[in-house]
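Asks: When we follow my numbering, the leftmost residue of the sequence shown carries the number 23, and every step to the right adds one.
Be aware that one or more of the hints could be misleading.
[Unchecked claim] No more than 30 Å apart at the CA atoms, straight line, and that leaves these computed lysine-lysine pairs for DSSO-like:
1) Lys320 - Lys369
2) Lys208 - Lys230
3) Lys160 - Lys209
4) Lys252 - Lys277
5) Lys138 - Lys197
6) Lys138 - Lys171
7) Lys79 - Lys141
8) Lys221 - Lys141
9) Lys230 - Lys217
10) Lys252 - Lys79
11) Lys277 - Lys160
[To be verified] Pair ranges (Cβ atoms, derived):
12) Lys79 - Ala390: 17 to 25 Å
13) Lys244 - Glu94: 32 to 40 Å
14) Glu237 - Ile361: 52 to 60 Å
15) Gly345 - Lys240: 32 to 40 Å
16) Thr394 - Glu373: 52 to 60 Å
17) Asp281 - Ser356: 25 to 33 Å
18) Asp242 - Asn174: 32 to 40 Å
19) Arg372 - Glu397: 18 to 26 Å
20) Ile229 - Leu402: 24 to 32 Å
21) Gly95 - Gln416: 30 to 38 Å
22) Lys141 - Glu213: 25 to 33 Å
23) Lys160 - Glu247: 44 to 52 Å
Bear in mind the hints are in silico, worked out from the structure with no lab data behind them.
All of these numbers come straight from a predicted model, not from anything done at the bench.
Idealized CB from N, CA, C, for every residue including glycine.
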Amino acid sequence: MSYNKSEEKLKREIFSKRDNTIKNKDRIIAWPRMGRIDIPLKAIVEQLNSRYVIPPKNSNKTLEIGVKNSIEGICLPYKLNLANYITALDMGANTLMMFQAPGSCRFGNYTTMAYKTLKKMGYRFDMVVFDMYKNKMKQTLEALYHVTKCKNPIRYYRAFSLAFSKMFAIDEAEKQLFYYRPREIKKGESEKYYKKWLKITEETNDIKEAKKLKEKIKEDFKSIEIDKEKSVPVVYLLGEFFVLLDPFTNMEIEKTLGDSGVEVQRQIMFSGWLEHVLKPSFIYKQESHRQRCERFAKKYMKRPTGGETIETIGDTVYGAKNGIDGVIHIMPFSCMPEIVSQNILPKVSREENIPVLSLVIDEQTGKAGYITRVEAFVDLIKRRKRESEKCQNQETP
């Protein structure tokens, strides 16, 4: 009961921060960078006839700004989010959008912490929060109306249809990239296809055309010449949501693995997560990703403990039972939910017989040592796969 009261108090506090003195015609909206979330969010804002600015992609400069203005012990995603806000405000933004969720993850406190920090720095702005776990669609529509003052339901339908179609297209392009990169004959070809379809997806503003993008991407990638006989290990990439989706934060680990001849399968994709959060549960006709994770993690966890803990453990067990060659678990330093995952994973690895590598990332992480650990893990799973295939060949008449 005390937790629910504190959650409601926090929610009231955040929503009371809305600045109604900013006139709608003067609003310039911004949001934090995370992977390619800018493409679908830009589509929503444009369809609702609002102005926006998009801060540059996360970089060492972004990290420097975030570290300088954050408390030392806070996690890396917060530091990058805060830096994105500072950069956006300097670019002319006056309305900041942010997701919020409850649980043991400090994500639920990001808005309050960032708000107080930015106010102390002298910025004037409106903080608009999307509460993703209570009255999900209602909260989202309320926040968007506050920002845009759009009352036309057709515009909202078009905005969400276009944004979801673009998210599905982006995620499909990533999945194809993960599959083709370790198998391609001509190095770098799949990367070119991926960038091409990102550009096409961003520029497509017709809903019918956007809905066709996913299938077009699948067909186009088939034209890449691959080595069909190549033995390619498959690795699940698991861990904290932001680190998984942002290439700068995870030091482009997907590219490192792909170039090393390993296929990455990332179970958490932005479209799947947001679709599950926004769509009513009665729409789903089959088991969701989170439900599957809860079922497979039951042996090791009785209940979720916040963040992506249940997904990390559940996907590891699921991967072990479905022939996955290894799991790489990545997390920001001091991330409370993933510390729980990190301590459970060794037992899962032993009992399910699947190699697991945990990588902890913060602003002090050196790329050379990070890559060295990844390469050593790749050597391990490749050797295991060769031995497994050798045994299978000897057993085959």
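Asks: Which earlier hints turn out false for this structure, listed by number in ascending order?
Replies: 2, 3, 5, 8, 10, 11, 13, 14, 15, 16, 20, 21 and 22
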